[in-house]
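Chains as they are written, first to last, in this note's numbering: chain A, 3 to 345; chain B, 3 to 345; chain C, 3 to 345; chain D, 3 to 345.
Hints should not be assumed to be uniformly reliable.
Given that identical chains are not distinguished, each listed pair holds provided it fits within a single copy or across any two copies.
[To be verified] Straight line, CA to CA, 16 Å or less: simulated EDC-like cross-link-like pairs of lysine to aspartate or glutamate: (1) 207 <-> 300; (2) 38 <-> 58; (3) 207 <-> 277; (4) 163 <-> 260; (5) 303 <-> 170; (6) 207 <-> 278.
In case anyone wonders, no lab produced these hints; they're calculated from the structure.
Quantities reported herein were computed from a predicted structural model and do not represent experimental measurements.
4 protein chains.
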Amino acid sequence: MNAAIVGATGYGSAELIRILSNHPYVTLTTLISSSKAGAELREAFPHLSHLNYSLEEGDPESLADKADIVFFAAPSGVSSQWVPSLVEQGRICIDLAADFRLDGSTYRKWYKGEPPSDFWLSQSAYGLSEWFAPSIRKANVIANPGCYPTAALMVLIPLLKQGILDGDSVVIDGKSGMSGAGRSVKQQSLFCEINENLFPYQVGKHRHTPEMERYAGIAGGQRTTVLFTPQIVPMNRGLLVTVYGPVAKGWTLPQVREVLLEAYEESPFVRVVGEDQVPRTKGVQGSNFCDVGVYLDERSKTVVGMAAIDNLVKGAAGQAVQNLNLRMGWPETAGLQGFPQYP
Amino acid sequence: MNAAIVGATGYGSAELIRILSNHPYVTLTTLISSSKAGAELREAFPHLSHLNYSLEEGDPESLADKADIVFFAAPSGVSSQWVPSLVEQGRICIDLAADFRLDGSTYRKWYKGEPPSDFWLSQSAYGLSEWFAPSIRKANVIANPGCYPTAALMVLIPLLKQGILDGDSVVIDGKSGMSGAGRSVKQQSLFCEINENLFPYQVGKHRHTPEMERYAGIAGGQRTTVLFTPQIVPMNRGLLVTVYGPVAKGWTLPQVREVLLEAYEESPFVRVVGEDQVPRTKGVQGSNFCDVGVYLDERSKTVVGMAAIDNLVKGAAGQAVQNLNLRMGWPETAGLQGFPQYP
Amino acid sequence: MNAAIVGATGYGSAELIRILSNHPYVTLTTLISSSKAGAELREAFPHLSHLNYSLEEGDPESLADKADIVFFAAPSGVSSQWVPSLVEQGRICIDLAADFRLDGSTYRKWYKGEPPSDFWLSQSAYGLSEWFAPSIRKANVIANPGCYPTAALMVLIPLLKQGILDGDSVVIDGKSGMSGAGRSVKQQSLFCEINENLFPYQVGKHRHTPEMERYAGIAGGQRTTVLFTPQIVPMNRGLLVTVYGPVAKGWTLPQVREVLLEAYEESPFVRVVGEDQVPRTKGVQGSNFCDVGVYLDERSKTVVGMAAIDNLVKGAAGQAVQNLNLRMGWPETAGLQGFPQYP
Amino acid sequence: MNAAIVGATGYGSAELIRILSNHPYVTLTTLISSSKAGAELREAFPHLSHLNYSLEEGDPESLADKADIVFFAAPSGVSSQWVPSLVEQGRICIDLAADFRLDGSTYRKWYKGEPPSDFWLSQSAYGLSEWFAPSIRKANVIANPGCYPTAALMVLIPLLKQGILDGDSVVIDGKSGMSGAGRSVKQQSLFCEINENLFPYQVGKHRHTPEMERYAGIAGGQRTTVLFTPQIVPMNRGLLVTVYGPVAKGWTLPQVREVLLEAYEESPFVRVVGEDQVPRTKGVQGSNFCDVGVYLDERSKTVVGMAAIDNLVKGAAGQAVQNLNLRMGWPETAGLQGFPQYP
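Looking at chain A on its own, in the form it has when it is part of the complex (with noise of 0.2 Å):
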């Protein structure tokens, strides 16, 4: 099948290119950069200097001869004035911004910005692939979710579902390589900036906040309220969270590893570290896989959940690839089986 990427000159579009240039039942045949337009790719990115690609204009009419599939990989606010048309004329959108993730008057509040329709919105499925599967596999419309929430909601949701986790408080510590950040030029993201610095960003105003919020409570069936903290670490990739809440009486640490195993025994993708094991960064990098880890803090009645991904991988591209799989009924690692690097 073909497809398109919009908004083709950002990092995750880097890993989009990347990946599904090996994907064995995919085609990429357009790249739509309305900064760039004209431009041949190479020049945005020298290290694929082997492709011929142009950047081009497009829109949505045009869009649809060209592509079955068309990934959104610009910024909030593009997806949802090119997607109607797309899916009416019977295109598969997946769209890595948050248009389509929160309900509209939330997305008003936190995003500064017009939603799509409640008709457009209740079309759209939330592509956290291990969670929402049966809905993916039916919509024309994929949210793909943010980095943050894809790694802090597979460690929630299951302990949330089982009662360990008490919804009411849940504390969210993030941290993020600097791609994350995105691409674009300013003063605070020169290397001399970052490099060797470490600092939170946005304490309790994050963006991602409500969308955890929202499919922690729909997945997981508690009513949750996150504190979210990001912290922007010196590295290109990687992103790990560490969830704390009060842990439910009762339970015992082999306890709560068996129900993350269990949760997770079906999931290509999710491995659960082993006892004395810890996820890291590094052991996913390149990759698709989500490590996670859990900890119960017999002094504090405290649930320390944690979780590793590569935030251009299973935070963006990666899992875009993986709901596209599982909406063409195709196997759900297609393309998606390279390793992590190492180192």
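Starting from the known structure of chain A, arrange chains B, C and D on it as the hints suggest.
The following block gives chains B, C and D in isolation, referenced to the frame of chain A:
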């Protein structure tokens, strides 16, 4: 006055040598290293090739002839052997290890070693300069704090004292550059294992936990239970703690900031960051500053405290010299007026 | 076909496992490690926790039952012991170490060890795929090149062949990420010793010097003398060589570029960068590409050749698999079609 | 004495502020920034939040009232406008940009801008402290050297002076951390574009080339032709040059080392590394040291000179203060006695 360092080949010692060599009132006379005795300092530290020091073996008796002040930068378990004799001979000891930080039974439990006697523990002061200055000024044994406790207590103590934070349930998420792990030679500390990697370690079990709880209780005035998760971040220096706990009713963010500003009004090394600012490790790098910030989340009724230090300066050698200054009645900033290096 | 790796716990082996596990014609059956025999692979490489391999002891006799192809990722001196028996049993050996790269007396001088016999040396082909393919296709012992020689020869050989560069006086300035130093545990390889550091090592004495000279002579057709200075750069992967020499009269930059373009017209893994471009290590990271560029300085009559590779892929495991593909008559790119990771 | 900085928001200026604030004989009174006039210093540099400076607009006339000494850390082209008026009013100017380094026609050719008049060029001294001290002591305009020329000339000059190296054909391979590129905001300077990346730039065309040639000629006593290739290395600070050239007959390594040792016998900031040592950038980080080393390769008749500096200290702000000290007759090391930071 003459100073000596016991355990002279680690990273903390490199900082002590850097600071003491430019201290207006101190002459560094003697460097003790049991493992490298007989070698020249420049073999251990080529960056100090302009200095002429030999690394010596030593014992408390002979050392008292050469030094009025002895810094211990050796592993835990060494200072407790040397301190009694040195102090009986009228010397001042500043210990960067953990021997004198805890009561005996807690030390035994967390450090699996023999603590100093209760008598000698009673002679020591805890060297968190900003909060324990009165006892530091009188003590001949100063237990320099651990790096994580230094940062964590700097936000915890004022919040606990004012009852803003409930000590029953404090979560501390710590992140540290790799120099905190010292210079010992292990596969897991190799460049390629750490670079572009990020991971938690000793979750819930780190030895700094009881130290935080003890001094939060003493100086904060509340019995405090801490869950502490440290994480390794791929950089040399810098440490950030993010402290979470339920906020007491009625407090507003401006009020909480005011509490911090008042607490540190007279402290030359603590900077409360602006309302829209966050502490950043690079903002203190190479200096004895501790930058602190706070956020109050109405949604989740949580207070978030943040503190950044250079783990080798305010978290080790710098605070040790600050304590020496307090003890000797010298200006608190003597030898410590260097600014952060940026970038 | 079944493959084995001898020396399975180093970084080169991690890459071999990554590549071979997704190779369409190879099954990796056996991992030999003398130092960790009996352990599970995931103990050495937690990032491969989804694989079930035990690390085995072994000997050439029993190994021949399990593998048609044997890769040696062990230190120099091992393969020379195993190869004769394996080849006599009809197996194909690809050696990532230096045993089979040099003539016996040069090996003795630079490696201070015993080389294979002249007979066995005569059975081997040098595995610089782009320049020695005819002999690689027929050999049962393939001496995979060193990482620096791979990059250096890729620019040297075409320039020497055309007489653009005078082999009498070639300066090669090499820079490599730290994975080139392997995984052995030394103080000088600790994260804090390498991060934010840059330095030359083994100036004029690096063992890759005679390898460069030998194969520049054979494939470039000129007796060549090389001064080689390698430098460590604080990054995991990536290797750049900058090659300098006096340019022969009459050549212009477009002509020299044309020589490179023609030399690599048919090579799927060599990309000659555009006229205003330079090779960058990140542009090849994780891939088997070698990016080459050239500059001709009129002022100083010097030609500057540049080549960038991923030292663990084209500089080690990737080229080893490329050589296997050549040897077996498979498509040269089988298993090696992954794109560079960016960023 | 009172000092001012023109161009106060770049990385070189941050170092000047750090050094001058602890200088025993200087008071920093005025910070000029055309682009950020009206802002507080702490907005540009949050790491200096404890300082109270406003960034000002200014002109040479009013500035002369506030400062006896003016440092220019602005881009090339600014100081030539300000210096004449300031010097006529009796002020001392130290220029970290290139305006006063070259003769007029060379400046025009390489910098594409208008140089100062020949009269004003004739008033200036080149500020390579170790080799031009006599003229620095008398000049009211000091042209602080570029970072690469500082390191390169420190090995080149003594080798040329003694005829060890033939100036006809010198290759200089430079490597620099990213702070050398300044703080200007470009996509190619983003963290993710530089981290884990290594590449040459401006091959054969870097503006420091004629500066190296000019002062190698003047102080080395030989007309010198340089081919210079700089490379970006993923670290904040640190610069290494590796200098190659044909060695004259008859020299041995011990003799060549002796030449260096004698050349720098009296220089407090130049350390000739031990025979088995190499200069390392981390060994000088944060200090005004320049570490130099040399190797003589019998096989290829080549001499290899190496020099490491902190590009922002000895390569910029530190040497500027060293020059001020020389000019004022203060101790050469005043304000510059800080040791390297390690690690």
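So, going through the hints one by one against the coordinates:
1. 207 <-> 300: For residue 207 and residue 300, only the inter-copy Cα distance (11 Å) is at most 16 Å; the intra-copy one is 31 Å.
2. 38 <-> 58: within (8 Å within a copy, 38 Å between copies)
3. 207 <-> 277: between (34 Å within a copy, 14 Å between copies)
4. 163 <-> 260: Result: close within a single copy only, 13 Å intra versus 41 Å inter.
5. 303 <-> 170: both (15 Å within a copy, 10 Å between copies)
6. 207 <-> 278: Only across copies: residue 207 and residue 278 sit 12 Å apart there, 34 Å inside one copy, limit 16 Å.
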